[in-house]
Amino acid sequence: MKPVSASPLSPSVKVKLLNAGFLTSEELLQLKPLQLSKEGGLSLEEALEVQQILREGVDLPGEGGAGLGSTALELLQQEERSIVTFCSRLDAALGGGIPVGKTTELCGTPGMGKTQLCLQLCIDVQIPECFGGLGGEAVFVDTEGSLVVQRVADMAQAAVQHCCLQDQDAEQRDALKDFTTESLLGHLYLMRCHDYVELLAQVQLLPDFLVKNPKVRLLVIDSLAFPFRRHFEDLSVRTRLLSGLAQQLIRMASQHRVAVVWTNQMTSQLRGGQWELVPALGESWGHSATQRLLLHWSGGRRLASIFKSPSQSESSVAYSVTREGFRDAGQLASSPSGREQDSSSQSESKQDSSSQSGSKRPRTQEGQ
Amino acid sequence: MASKKLRRAGVSQELCELLNRHHVESCKDLLSLTPLEVMRVAGLSYQNALALMRSVSQHCAPPVTTLLELWKPKSESFFSTSLPALDDFLRGGLPLGTITELAGPSGCGKTQMCVMLSVLATLPRALGGLDAGVVYIDTESAFSAERLVEMAQARFPEHFSSRERVLQMASRVHVFRELTCQDVLNRLDRLEVDIISTKAGLVILDSVASVVRKEFDTTLPGNLASRSNLLTQEASTLKYLAHQFNIPVVLTNQITTYLGNGGGGVPGEGDSGYVIAALGNTWSHTVNTRLIVQYVDARQRQIVIAKSPVAPYAVLNYTIQKEGICLDGDNQEPMGEARDPGLQPIRVRTEFKYSLSQAVGTDGGS
Numbered sequence: 001m002k003p004v005s006a007s008p009l010s011p012s013v014k015v016k017l018l019n020a021g022f023l024t025s026e027e028l029l030q031l032k033p034l035q036l037s038k039e040g041g042l043s044l045e046e047a048l049e050v051q052q053i054l055r056e057g058v059d060l061p062g063e064g065g066a067g068l069g070s071t072a073l074e075l076l077q078q079e080e081r082s083i084v085t086f087c088s089r090l091d092a093a094l095g096g097g098i099p100v101g102k103t104t105e106l107c108g109t110p111g112m113g114k115t116q117l118c119l120q121l122c123i124d125v126q127i128p129e130c131f132g133g134l135g136g137e138a139v140f141v142d143t144e145g146s147l148v149v150q151r152v153a154d155m156a157q158a159a160v161q162h163c164c165l166q167d168q169d170a171e172q173r174d175a176l177k178d179f180t181t182e183s184l185l186g187h188l189y190l191m192r193c194h195d196y197v198e199l200l201a202q203v204q205l206l207p208d209f210l211v212k213n214p215k216v217r218l219l220v221i222d223s224l225a226f227p228f229r230r231h232f233e234d235l236s237v238r239t240r241l242l243s244g245l246a247q248q249l250i251r252m253a254s255q256h257r258v259a260v261v262w263t264n265q266m267t268s269q270l271r272g273g274q275w276e277l278v279p280a281l282g283e284s285w286g287h288s289a290t291q292r293l294l295l296h297w298s299g300g301r302r303l304a305s306i307f308k309s310p311s312q313s314e315s316s317v318a319y320s321v322t323r324e325g326f327r328d329a330g331q332l333a334s335s336p337s338g339r340e341q342d343s344s345s346q347s348e349s350k351q352d353s354s355s356q357s358g359s360k361r362p363r364t365q366e367g368q
Numbered sequence: 001m002a003s004k005k006l007r008r009a010g011v012s013q014e015l016c017e018l019l020n021r022h023h024v025e026s027c028k029d030l031l032s033l034t035p036l037e038v039m040r041v042a043g044l045s046y047q048n049a050l051a052l053m054r055s056v057s058q059h060c061a062p063p064v065t066t067l068l069e070l071w072k073p074k075s076e077s078f079f080s081t082s083l084p085a086l087d088d089f090l091r092g093g094l095p096l097g098t099i100t101e102l103a104g105p106s107g108c109g110k111t112q113m114c115v116m117l118s119v120l121a122t123l124p125r126a127l128g129g130l131d132a133g134v135v136y137i138d139t140e141s142a143f144s145a146e147r148l149v150e151m152a153q154a155r156f157p158e159h160f161s162s163r164e165r166v167l168q169m170a171s172r173v174h175v176f177r178e179l180t181c182q183d184v185l186n187r188l189d190r191l192e193v194d195i196i197s198t199k200a201g202l203v204i205l206d207s208v209a210s211v212v213r214k215e216f217d218t219t220l221p222g223n224l225a226s227r228s229n230l231l232t233q234e235a236s237t238l239k240y241l242a243h244q245f246n247i248p249v250v251l252t253n254q255i256t257t258y259l260g261n262g263g264g265g266v267p268g269e270g271d272s273g274y275v276i277a278a279l280g281n282t283w284s285h286t287v288n289t290r291l292i293v294q295y296v297d298a299r300q301r302q303i304v305i306a307k308s309p310v311a312p313y314a315v316l317n318y319t320i321q322k323e324g325i326c327l328d329g330d331n332q333e334p335m336g337e338a339r340d341p342g343l344q345p346i347r348v349r350t351e352f353k354y355s356l357s358q359a360v361g362t363d364g365g366s
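In order, the protein sequence lines correspond to chains A and B.
Take 1 as the starting number for the first sequence in this note's numbering and just add one per residue.
Take 1 as the starting number for the second sequence in this note's numbering and just add one per residue.
FYI, nobody ran anything at the bench for these hints, they're computed from the structure.
Hints are supplied without guarantee of correctness; some may be wrong.
As the list claims (entries may be wrong) - A partial selection of chain A residues facing chain B, derived with a Cβ cut-off under 7 Å:
hint, residue
1, Pro110
2, Val152
3, His194
4, Leu200
5, Ala201
As the list claims (entries may be wrong) - Each pair of labels, with its calculated beta carbon distance range:
hint, chain 1, residue 1, chain 2, residue 2, range
6, A, Gly69, B, Thr257, 50 to 60 Å
7, B, Leu36, A, Leu29, 15 to 25 Å
8, A, Ser88, B, Leu18, 24 to 34 Å
9, B, Asp131, A, Ser243, 43 to 53 Å
Ideal Cβ placement from N, Cα and C applies to all residues, glycine included.
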């Protein structure tokens, strides 16, 4: 059984119990409250509370039985669906889409389409199950203010039309009745945080929100970097807050079966005499997300590169952002510029050069 | 919100005093601790420490809404620029509650655009305006009241036909001249009061780059970080105010030379070098919409939509007339060649040989 010093009691109570000579929680539970209060030097209410806490036996809230693992077979059978991105090549590279139950990071320079991809995912998660979607809801935590409702309405409308154009059976026709622009907007929860304290507070409250709204399958934070890129007198405080945040998000992802997606910015770093663009928030932050996507320019096209993933190979995929939203690259009306812009390759991060194998796609593939 | 005292966040008096002894006074201090630290500092059990953090979070966290509740008609979510093609791309105009940046070389028309937007903001809603005041923070002393009046009368002659209407419009534009970084910061601190008292519907900061570049020499160590810090602080304040009052904020920015070893693949463009919007990468992330103005030739200019949450990359030609910015009738290239918006090769004035009408001798090839 557990020693008293490691139990989740308040410090003052612990000190009193240790001074009275109690060593394990088993000893504490064997006594009745009156006896405990006399021997431990506690008040009656404190003694009762001690026994209640110890009897619950569960240390962390919502963890539900620490130590219950699962076999790999059980995990395989669970078959969590992924959220499609509507860019078929990217979905293929990701093995179906953005995985539910894991955390994904999107990095990129401004104007690449990170927010657009996040909005597209918020819409795609709501696609009814009979169309291959998850039929869930989405939560969007906005720290930058780039969310323009009109844009989301346009993307929602395009998605509804896309589904209407598909071949339908009775079940799908039925589902379409509830799948309208209004319902899409109605199931997208928005939280606007102006600084990092509001963000921390919001993330504290999110587990309760997810319990109250069990249909939520996607949590987007756009962007995670902005509130933390201000001045911190002590940089270690920032690192600590960020890792705490990462922990909470990872726990939320697996416990509540949601896909957690956040966007990161790029920062300039002096490396070997040259200024390069690397993902912001520091080296240690790179470990927090399960999967990382980098959106960048290369030779006049927009590419999405997977540069960290435990299950997919590193590869790059071309995409575009149209009026309808985030789509495959071939849907651009005009063909990309033929001029090689050398300086645009400066903005590719150092990590990308490690994914040499997949990233060199023949340029003739472009422009269908 | 963050600096809210714990006492007002529903924490009991004795607990507050206990926490104060450990220098935990505001919500920010409490939420920056881990649960174990809260246990130690507040003397609570683990469950109670978590409950305390949750209740304090509830006082700090923003309200939750759905997008459906926020969906408003276009007139209430966009500020029309009165340039129909630009409004079309931007799906209505400058989005309210966001920051729009105008970057470009000198003399291209950024201040003209700002003056034009000031006129538009004071117009009644029937004419597409916001029927509100304007807070114009001028750091370059470039604002000219005569130009404001001239533009108003030339652009909307019937509306500004009477002298008193002109005077009324001019009295709604409040100009603040701030010439140092500290002055700008102080002004931004007081901006909330100014917005309320002037009933402002538009905030213009012209320009955000000039004071910062005058005072921060980024080649000196440490200056880059403190400059970034200052800019992020300014941006946070402006975003917060834009969102709370649901008004657009317009900033102007300068340009700088990009010192990469690229540019080799752009031959024969009459290139004056590779220039990009100033203030660096972090700043590019903070603005929501970025419009770049540049020269086509000595008279023709272009607006490029380089970054926008709603609009695709687009290029529009315009000229500057008496009535302000005038878009060319035939706006070609709705979808120009997509380029890296962070590295726009902006053309500058020195590229163009333009003969002055009474020039003495010929300019020998520049």
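Hint by hint, here is what the structure shows:
no.: 1; hint: Pro110; in the structure: 4 Å, holds
no.: 2; hint: Val152; in the structure: 6 Å, holds
no.: 3; hint: His194; in the structure: 5 Å, holds
no.: 4; hint: Leu200; in the structure: 5 Å, holds
no.: 5; hint: Ala201; in the structure: 4 Å, holds
no.: 6; hint: A:Gly69 <-> B:Thr257: 50 to 60 Å; in the structure: 58 Å, holds
no.: 7; hint: B:Leu36 <-> A:Leu29: 15 to 25 Å; in the structure: 24 Å, holds
no.: 8; hint: A:Ser88 <-> B:Leu18: 24 to 34 Å; in the structure: 58 Å, violated
no.: 9; hint: B:Asp131 <-> A:Ser243: 43 to 53 Å; in the structure: 49 Å, holds
Hint 8 from the list above is the single one not met by this structure.
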